[in-house]
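So the protein lines, in turn, are chains A and B. For reference, each letter of the first sequence is one residue, going 852 to 1072 in the working numbering. For reference, each letter of the second sequence is one residue, going 2 to 261 in the working numbering.
It is worth saying that the hints were derived from the structure and are not from the lab. For clarity, every value in this text was computed on a predicted model and none was experimentally measured. Built from N, CA and C at the ideal position, the CB exists for glycine as well. Do not rely on the hints blindly, as some may be mistaken.
[Stated by the list, open to error] Using 16 Å as the maximum straight-line C-alpha spacing, the simulated EDC-like pairs for lysine to aspartate or glutamate come out as follows:
hint	chain 1	residue 1	chain 2	residue 2
1	B	K178	A	E1010
2	B	K172	A	E956
3	B	K172	A	D922
4	A	K919	B	E254
5	A	K990	A	E1010
6	A	K957	A	E946
[As the list claims (entries may be wrong)] Cβ pair distances, simulated, as ranges:
hint	chain 1	residue 1	chain 2	residue 2	range
7	B	L109	A	S941	32 to 42 Å
8	B	I182	A	N1035	35 to 45 Å
9	B	L40	A	K919	35 to 45 Å
10	A	G890	B	Q179	49 to 59 Å
11	A	H967	B	G200	40 to 50 Å
12	B	L246	A	G890	36 to 46 Å
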Amino acid sequence: MNNLEPIFELKEVKYRDILDITHLEIPANVVTCIVGESGSGKTTLLRLLNHLISCDRGEVLYKGQDLKTIDPISLRRRVMMLPQNPVVFSGNIQENMLIGLNFAEKPPVSTTQLLHFLNLVALKKEVQQNALSLSGGEKQRLAVARLLLLDPEVMLLDEPSAALDEGTEDLMMSGLKDYVIQNNKTLIMVTHSKAIWSAYGDFVVTIKEGRVASQKGGNQG
Amino acid sequence: MNDLIEIGFWRLSAAYFFVIVLLLILRRFEIGKEKEVLLSTIRMTIQLVLVGYLLEYLFGHQNLLITLLLLVIMLGFAINNVFSRIKKRLKLEFKRVISFSLIIGTCLSLFFFLLVVVGIRPWYEVRYFIPIAGMIIGNSMTGITLGAERLLDGMHSRKDVIEGALMMGAKPYTAAKQVVIDAFTAAILPTINSMVGMGIVFLPGMMTGQILSGISPITAIEYQIAIMLGIVGSVTFSVFLLVFLGYRLFFNERCQLEIN
C-alpha cells in the first residue's frame, strides 16, 4: 500500500479528546474504508478532512498542502462529504439533485446526467417523484447521487449504505467502486460492515478510541 | 371640529370601570391573573401620567441635548427590552449586532422621516420627535425581537441542513440562506399585515388620537400613511441589518459552523 500516492496525510493530529493520530496517509484514487466501533472518532476524522472542524494541533495535508492554508470553500468543492443522515429537501428528486449544484455554484445539468448518476447508485426513479416520499435507503442513495453529480475529487461518505439491504448495498457499492476507478476519484468512507470493507476497500484504516489501530490494504476477503 | 371634549379627572376615573369588570370576571371564574391586571393598570397609569408631565415640560423647553438624551434613553430601553424578551442566552457579539441594527435602522429611518417626509425645523422639536421616534423604535424593537428569535431558532434547528450544504462547498450565506430569509420574513410580516387591515379593521392609535384632538381626518390620514411607511422602512432596515449581520456570527473565518 505504501506505493500509493497519499491524497491526505495527517501528522500528530489531535482533536479534543476524540482523535489522536500520530501519522496517517490516505491513498489517492482508491476506496479507503474507515472502520471502528461507535464513538471511536471515525466521523470526526471525516469532518477534519472536509475541514468542517480544525484540529487543535498537528497538520492535515491535502495533496501536501496544509488544510489551514487552503480556502475552505474551494477545498470542500474538491473534497465533499456526505453525513450519515443526509438532508433531503422538500421538492422532487430533480430539485434535490440540482440544489447541490447551487451549493457548489456549478452550472445546471441535463436530466440525462441526473438519471446516469441515479442509475449508478441503483435508484431507478422518475426525477419528478417527490423526494420526501422515498424510503430511508432511497433518500441515502439520492444524496450519494447528488454528491456524484458535483464531481468532487474526493468523496467522504459516512455510512453511505447503512439504510440499505444487502442486495442494494452491493449494487450501489459496486457502482461507486467502478466510478472511482474509471474517473480517478478517491472515496473515503466510514463503514461498520465487514462485508463492505473486505469487498470494496482498497485500503482499510481501523480507528480505536481515537487512534489508528491498524492501516492496511483491503480486498483480502 | 375643534370643540375638544376634555375628559377630566372624574370621567377618566370612570374608565377604570372596565378594569373592575375584568377583575370581577377573573375572580368569579377563578381564572387568576388579577394581580397582573392590577399591576399592569397601575404601571400604565403611572407611566403615562409621568410621560404626560414630562412632555408638557419638554414642549416648553426645546433643547437639542434633551431631545438627544431622550432618544438615547428610548433606544436603551428598546435594546434592553429585546434582550429580556429573547429567551435564549445571547452571546456578546449577537447583543452587539442587535444594538447596532436597532440604533442604525431606527435612527436613519427616523431622521429621514423627520427631515424629508415631515420636514420639521428644527428637527428636534419634541412635539414631533418623541411620538414619531416612539412609534418607529417600538415597532423596530418588536421586529428585531422576532427576527433574532427566528434566526437563533433556525440556526439551531437547521444545523444539519446548514452543515450538509457546507460539506458540499456552499458558502456560509448559501448554506444559511433559508434560515436568514425565514427570519427576515417572520420579523417584517406583522408590520406588512398591519397595513392591510388599517382603516378597515381598525383605526390606528395615532390617527384616532389626532382625530379626537380635533385634527381633520384627512390630515390625520396623511400622517398615518407617512408614519406607517416610516415604520415599514425602519422595521425592514433594522431587521435586514440584524439577520444579515447576525447569521455571520454562527460561522468562523474557516467557514465552519459554530453552534454551542
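Evaluated hints:
This hinted pair does not check out: K178(B) and E1010(A) have alpha carbons roughly 28 Å apart, beyond 16 Å. Among the hinted pairs, K172(B) with E956(A) is consistent with the structure: their alpha-carbon atoms are about 9 Å apart, no more than 16 Å. Between K172(B) and D922(A), the direct Cα distance comes to roughly 11 Å. Compliance with the 16 Å bound is thereby established for this hinted pair. Restraint check for K919(A) and E254(B): the C-alpha separation of about 11 Å stays at or below 16 Å, so the hint holds.
The straight-line distance between the Cα atoms of K990(A) and E1010(A) is roughly 13 Å, inside the 16 Å bound, and the hint therefore holds. For the given pair, K957(A) sits about 14 Å from E946(A) by alpha-carbon distance, which is consistent with the 16 Å threshold. Distance hint check for L109(B) and S941(A): the Cβ-Cβ separation is about 37 Å, which falls inside the suggested range of 32 to 42 Å. Range check, I182(B) to N1035(A): about 39 Å between beta-carbon atoms, so the 35 to 45 Å window is met.
Under the hint 35 to 45 Å, the C-beta atoms of L40(B) and K919(A), about 57 Å apart, miss the expected range. The hint said 49 to 59 Å for the Cβ distance between G890(A) and Q179(B), and at roughly 32 Å that hint is violated. Hint check: H967(A) to G200(B), Cβ distance near 58 Å, so the stated range 40 to 50 Å is violated. Checking the proposed 36 to 46 Å range against L246(B) and G890(A) shows it holds: the Cβ atoms sit about 37 Å from each other.
The earlier numbered hints that this structure contradicts are 1, 9, 10 and 11.
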